[in-house]
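Given only the sequences and the hints, what does the whole structure look like? Please build it.
Residue numbers for the sequence shown follow the working numbering, beginning at -14 and rising by one.
Note that these hints are calculated values from the structure, not bench results.
Treat the hints with care, since some could be wrong.
Below, a list of computed lysine-lysine pairs in the BS3-like style, where the Cα atoms sit at most 30 Å apart [to be verified]:
hint	residue 1	residue 2
1	Lys86	Lys12
2	Lys500	Lys483
3	Lys319	Lys335
4	Lys12	Lys523
5	Lys49	Lys114
6	Lys45	Lys55
7	Lys86	Lys500
8	Lys279	Lys195
9	Lys55	Lys12
10	Lys195	Lys114
11	Lys284	Lys330
12	Lys335	Lys12
13	Lys18	Lys483
14	Lys483	Lys523
15	Lys49	Lys12
16	Lys86	Lys58
17	Lys319	Lys330
18	Lys18	Lys45
19	Lys55	Lys114
20	Lys247	Lys330
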Amino acid sequence: MRWLPFLACSLIQATLANGVRGEETTKANTLWKTAERRSEIYADCASNVRRLLQGWLDLKQDPKARLFSKGGKWDYHNEAADHYSSLVLMAFYVNPQLNQKGGALHETLVNSQRLCATPSGLPTTYDLKNFSQGEPATLGALSEWLRDGLLRIVEVSGRDNDWYRELERLVDAMIAEADRRGGMVHAFRGPEPQGNILQTLARLYAMSGKQLYLDSAEELADAVLLDPQWAIRDIRFQDHGCELVPGLGELFALECQLGRPKAAAYREPMRDLLDGILQSAAHPETGLLCQSAKDEDGKLEWRQSTDTWGYVLFTFDNYDQATGENRYRAAITKPMRWLTDNVSKYPSLKNTLWPRSNSSDDWSDSHESMLVLWNRYPDIEGAFDWLDWSTLGHCHRRFPENKYGPYNGGHFDGSTGRCLCLHMMLCSQGVRAEPFAEGVGVGAARSDGELLLTVRTAAPWNGVLRFDPPRTEHTAATINWARLNEMPQWFVVRPQEKYRVEVGEAEAVVVEGSKLIDGFPVTVGRDATIRLCVRPAKTAG
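This is how it looks when you write it as structure tokens:
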């Protein structure tokens, strides 16, 4: 993975040892200031995540059924996919006990399995006013629960938990239902269900190695890529419509990684699809993908770009990474550079050239688009400042006094909380403080293989810093492609490798990566900040 050219800890040590001042000292100080600034942002984001999470637990979880509802009904495309899964993700970072067996959020999963079960294995909705089963959940709603919900959870929590087991169980039941309906293309109609199930099957095969998932994905992709009867005709770029192209891109990336014959079969249709999108939808000034139409005089009129402006662009990067062609780099980076270069002009552009930015969900999806792409194109200058600006543009980091913290208990709270978690992990490069307490912040700056961390607290704090393992690497395949609902990896710690850790002025210690993943103990005093430098022991000087 390509990293920003930050200075290393070794540079700081060399600077001090040699008594060198001037430019190198300035760069070293800037590096620590960057980490300190990011620790403040982390603390701000985490505080809002905690308040949102607690508001939903206190006010939206039914005390009897333990399910969540906005209007008295538990369903799978809104309550489960958007709201509940986001709460589990938030708890992972600020209150993981809620996800343990017996915890409030784990009880939601267990009770939904019990209350909504049917002989087919496909659940129903649940009426929380009458405490009875509602209508059967559709395959479209369930495919959203898979991709938006369960995949989001197992992306960070791994496979050894009840959410992963539910993911496999439900996918198996849905494939069986598709067989009863005549096959995948007949059961999953429309770009959103098709895209969601393709994304799910590609990732689930990588995690499990079960051939059923790959075969089912290929059955659907063969139809929409290779069969004129089912071919893609209407390319959309907005949420709830753009999912099919990313789904095909994920499967193509997997096929190339595995070296399967389908990689060759899909390559030309994928290239033609992406070339056609650029030809018809790339705005000539911004590079953003937009719908367009000709007016009565035949002049092309461009519509405003959607908040999910990066979702289809992910597929362009996946094609390049899978094939090694580097065909689309300019098309991917052009809108990124335009957005970072023109952020100061947002007030005059927000209703025209700028991606839609009306709701908190719009700001969250736009943040996700930039973040996932910047993880792969870190040479885009100003991207961090743009991302930080985008978390301040709506309600994400505000503190009005209401029962949901800075939120309203509505449909977009889930994406708001998830956006804050993404931003926290960017600031700390994947390191999380546990247990979280108000005022605790973790900030990081990067060098070649090295990590500088600052930990700040308002009150005395004893806890651990948990580092990010290589959670996308699985036996069957590595999920290294750009994807919707990705929680990007930044500083990855490998459990079997050794790392040199320096804390403040104390003597450096060498620890196994597994110890960093399990949690490196840290004590910080009131209104204090400590500094750590972590790097692979084999690179230590």
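Structure-based check of each hint:
1. Lys86 x Lys12: This hinted pair is violated, its Cα atoms lying about 47 Å apart.
2. Lys500 x Lys483: holds (9 Å)
3. Lys319 x Lys335: Since the Cα atoms of Lys319 and Lys335 sit roughly 18 Å apart, the hinted pair holds (cutoff 30 Å).
4. Lys12 x Lys523: holds (25 Å)
5. Lys49 x Lys114: It holds: about 11 Å lies between the C-alpha atoms, which stays within 30 Å.
6. Lys45 x Lys55: Given pair Lys45, Lys55 holds - Cα atoms ~7 Å apart, limit 30 Å.
7. Lys86 x Lys500: Measuring from Cα to Cα gives roughly 24 Å; hence the hint holds.
8. Lys279 x Lys195: violated (47 Å)
9. Lys55 x Lys12: violated (50 Å)
10. Lys195 x Lys114: Given pair Lys195, Lys114 is violated - Cα atoms ~40 Å apart, limit 30 Å.
11. Lys284 x Lys330: holds (26 Å)
12. Lys335 x Lys12: violated (36 Å)
13. Lys18 x Lys483: Holds: Lys18 and Lys483 sit about 27 Å apart, inside 30 Å.
14. Lys483 x Lys523: With Cα atoms ~8 Å apart, Lys483 and Lys523 stay inside 30 Å; holds.
15. Lys49 x Lys12: violated (57 Å)
16. Lys86 x Lys58: holds (24 Å)
17. Lys319 x Lys330: Within the cut-off at roughly 17 Å; holds.
18. Lys18 x Lys45: violated (40 Å)
19. Lys55 x Lys114: holds (12 Å)
20. Lys247 x Lys330: Cα-Cα ~45 Å, so violated.
Hint violations for this structure: numbers 1, 8, 9, 10, 12, 15, 18 and 20, all remaining hints satisfied.
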